[in-house]
Amino acid sequence: MKKVIFANLAALALAGQAIAADLPAKAEPPFAQRFNWTGCYAGMHVGGGFASKSITDPVLLVQDTLIAPGTTTGITTVSPQPSGVVAGGQIGCDYEFASSIVIGVEGAASGSTMKANRLVALPGSPPDAALVQADTDFLPSLTARIGYAFDNVLLYARGGAALAGDKFEVSGTLTGIGPYDFRGLDNRFGWVVGGGVDWAFSRNWSVFVEYDYYQFGTTNVLMTDQVSALSGLVSYSQHVQVVKGGVNFHVWGPGL
Amino acid sequence: MVLGYALNPWPSASATHIGVRVCESSQGLAMRRDGSDRNLRFAVALVEIIVLAAWLTMGLAPSAQALPSFARQTGQPCGTCHTDFPALTPFGRRFKLLGYTVGGGLFRTTPFSSNAARDVQAEYDKLLKYAEPVKAPPPNADENSKDWVPPISAMAIIGFTHTQADQPSPQDPYNPNNNLVYSPFSMFWGGAITSNIGAFAQVTYNAPGSVAGPTPTTSPFLHTWTWDNTDVRFVGTANIGSLDFVYGITANNNPTVQDLWNTTPAWGFPYAVSSFFGPQAPGTVIEGTFAAHVGGVGAYTMINDLLYLEVTGYKTLGFSEQNALGTDPFGAPGLLGGVAPYWRVALEPHWDRHTLMIGTFGMYSEIHPWLNVAPVGWSTAVDTLADKFTDIGFDGQYQYQGDNYWVTLRGTYIREFQRLDSTFTTLAASTNPTNLLNTLKLQASVALGADNRVVLTGQYFNVWGTADAGLYGTDSVTGLALTPNSNGWIAEIAYIPFGVSKSFGWPWFNTRIGLQYIYYNKLNGTTVGAQDNNTLFLHAWVAF
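Chains A and B, in that order, give the protein sequences.
Last residue of the first sequence: 256 in my numbering, with the numbers rising by one and none dropped.
Last residue of the second sequence: 544 in my numbering, with the numbers rising by one and none dropped.
These are calculated hints, taken from the structure and not from any lab test.
Check each hint, because a few of them may be wrong.
Listed below are the simulated DSBU-like cross-link pairs for lysine-lysine, each with C-alpha atoms no more than 30 Å apart in a straight line [as the list claims (entries may be wrong)]:
no. : chain 1 : residue 1 : chain 2 : residue 2
1   : B       : K388      : A       : K115
2   : B       : K522      : A       : K115
3   : A       : K167      : A       : K115
4   : B       : K388      : B       : K315
5   : A       : K167      : B       : K522
6   : B       : K522      : B       : K388
7   : A       : K115      : B       : K315
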């Protein structure tokens with residue numbers, strides 16, 4: 001804030017000198033201070049999320065749990081592609097070096113409506129089929145970012161740790177047995193890399209667009225049938241791509 | 001009982017939801033009376049509270065501060081640090097940040113006073129002075145000549161509770177409804193120990209027969225006196241380049257009790273609740289489950305009076321240690337395995353009369369449940385498997401100081417992921433191996449006036465999560481698994497007669513009178529009977 005005050009004073013002082021010296025009408029261009037990215041910020045974002053999940057093996061889960069162990073032959077992988085809105089907030093801090101290199105750290109969290117389902121046949125109980133549904137409703141991350149500032153425009157890349165809140169459901173009706181509804185939840189840790197551009201359009205505000213790629217690897221989730229209370233495992237792998245835009249409020253020290 | 005009555009609406013609901021309601025508040029010494037004279041009792045109770053309030057207001061007219069020992073130390077009236085008790089102003093947050101060490105005389109002018117707050121630069125300069133008394137207390141002949149008084153205070157609450165429907169049996173020694181309670185009683189150490197070390201430490205008396213755990217009246221580990229909210233701090237300041245640091249170490253016994261904002265559970269609204277609630281809405285682990293059952297040590301810093309960072313690790317005290325401190329070990333669902341990490345990040349920009357905060361907090365805990373808490377045959381053994389809880393919270397606050405009024409808006413959301421390895425596998429008490437639990441609170445408050453302050457507060461609360469027949473039961477009509485889903489409203493009007501004055505008797509007394517109503521739209525997954533738990537709570541609080 002002091003720098004801004006000094007800059008304004010300097011600009012006024014230069015203008016005053018020009019008038020006093022009765023210089024020609026073509027005065028020197030006014031002093032313009034570069035935007036300084038050093039500081040902290042908080043803001044909100046909204047965008048789209050596009051996930052790819054591979055779930056193995058929902059057929060075995062249903063048939064071997066509810067019909068009889070060993071009913072299933074072969075391996076079935078179902079790959080729903082959830083997509084939806086991603087919206088949330090972020091808090092971060094940056095430091096800009098004299099070389100215009102900017103480094104920082106940011107914590108972000110998004111809620112999401114990413115959801116998709118697929119039908120898969122149950123060969124052990126024809127013509128029955130199971131509805132496999134996958135949701136991702138929570139997507140926080142803690143990342144470092146590095147960028148280069150072209151005055152009030154910052155090009156940056158980021159990377160760090162991420163978490164996905166996942167829900168899975170395998171439901172349907174087995175002929176001769178009845179309805180079933182296997183459900184499972186998981187908090188899956190992984191990593192994220194991405195990049196974007198941040199444009200400070202005033203002293204305290206900036207807008208940005210960003211692309212992020214999340215990878216969460218492969219893990220197991222325990223699914224429990226809400227009807228029979230029986231349980232079984234499925235494994236899944238996933239990655240998520242997010243494109244988002246947002247606004248940040250920048251501040252550094254008391255006052256604005 | 002933790003912090004007297006300053007608890008969240010769900011005081012310490014077990015995160016595993018496998019026990020009965022855990023209420024750590026005392027039900028005190030209410031007298032047993034027949035139901036036939038309820039109207040008379042209601043009238044008598046009202047008269048008693050009004051008389052007490054009048055006595056406090058007139059007989060002790062000069063009272064002033066929230067915790068009188070803080071007032072004696074700082075020379076400030078309660079309105080400097082509190083919009084309401086215990087809701088903090090910007091100055092109050094910095095008093096806590098600086099380890100309760102700020103002395104009298106140096107801060108007689110509220111940094112955010114009405115006139116000065118109009119000048120941002122002046123406000124900035126004053127904020128920088130927050131750290132000065134800690135960094136280098138200036139010599140002061142007058143200070144040296146003053147007598148030292150130990151920073152000890154006490155408080156007591158008298159409260160009358162009416163619920164829409166009578167409480168289920170057994171109620172003894174209480175009435176089915178319309179109970180007047182004269183407890184708890186707490187004593188505090190509140191203030192500086194040295195120029196760099198300060199403490200807020202509370203011990204509380206719960207009347208015999210109080211409800212204090214999953215085995216309310218039969219637990220062999222109920223106590224009358226117990227340690228309560230405790231926060232001991234070491235604080236220092238530093239300047240590195242253009243950065244101003246206030247840094248410190250906190251040792252405390254309740255996750256979030258050390259926090260500066262009233263958006264986190266330990267100091268969240270409502271600040272006083274009746275102990276005559278019916279069934280409680282479930283809460284996350286970080287919402288008081290391990291209050292007074294743990295010890296934690298952490299480091300924190302405030303950078304440029306803007307960015308607050310904290311990391312603290314918690315570990316449960318051993319069974320014997322908890323018992324020795326007056327805490328019922330079975331009041332928590334079990335013991336923590338290892339150290340539970342807690343984090344906090346908050347960004348608090350402030351300008352003119354406005355203060356904004358956006359933050360996040362959370363904790364990861366692995367809980368090994370008790371294997372047997374039965375009154376007979378209980379055991380100190382815990383399961384080798386642990387339930388794992390990941391709590392992630394987000395909060396925000398906006399505060400505006402007007403001429404003789406404060407406006408405060410708060411919001412808190414907590415998402416808890418539960419991996420119930422023990423509860424599902426060993427105890428077979430949950431239907432699902434994993435569950436989600438979410439809590440949301442949105443609050444608005446207006447404090448009108450300096451002295452004779454009236455505080456109007458409204459809060460919407462919502463709890464929602466995964467259906468689980470093992471934890472929440474089944475619907476009696478549909479047979480489907482119930483959810484933790486609960487929501488409703490809380491409205492409160494409080495009267496604080498002495499907000500800013502320093503008249504006769506100051507700074508030895510303080511008082512607050514509140515009338516609170518809690519409305520349940522849904523409780524534990526059903527609207528059926530939810531409103532039977534609607535609660536009217538009239539209370540008078542006095543500290544001295």
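### Query
Given the hint that B/K388 pairs with A/K115, does the C-alpha gap stay at or below 30 Å?
26 Å, holds
### Message
Hinted pair, alpha-carbon criterion (30 Å max): B/K388, B/K315. Please report holds or violated.
### Response
Holds. B/K388 to B/K315 sits at ~14 Å (cutoff 30 Å).
### Task
Below or equal to 30 Å on CA atoms is what counts here, so check A/K167 against A/K115.
9 Å, holds
### Task
Quickly compare the C-alpha distance for A/K167 and B/K522 to 30 Å and report which way the hint goes.
Since the Cα atoms of A/K167 and B/K522 sit roughly 25 Å apart, the hinted pair holds (cutoff 30 Å).
### Query
Taking 30 Å as the top limit, are the C-alpha atoms of B/K522 and A/K115 close enough?
Holds, at about 28 Å.
### 30 Å limit on alpha-carbon distance, applied to hinted pair A/K115 and B/K315
Answer violated: A/K115 to B/K315 is near 39 Å, above 30 Å.
#### Entry: Pair hint outcome, B/K522 versus B/K388 [Cα-Cα no greater than 30 Å]
Between B/K522 and B/K388 the Cα gap is close to 27 Å, so the pair holds against 30 Å.
Hint 7 alone, counting from the list given before, is not met by this structure.
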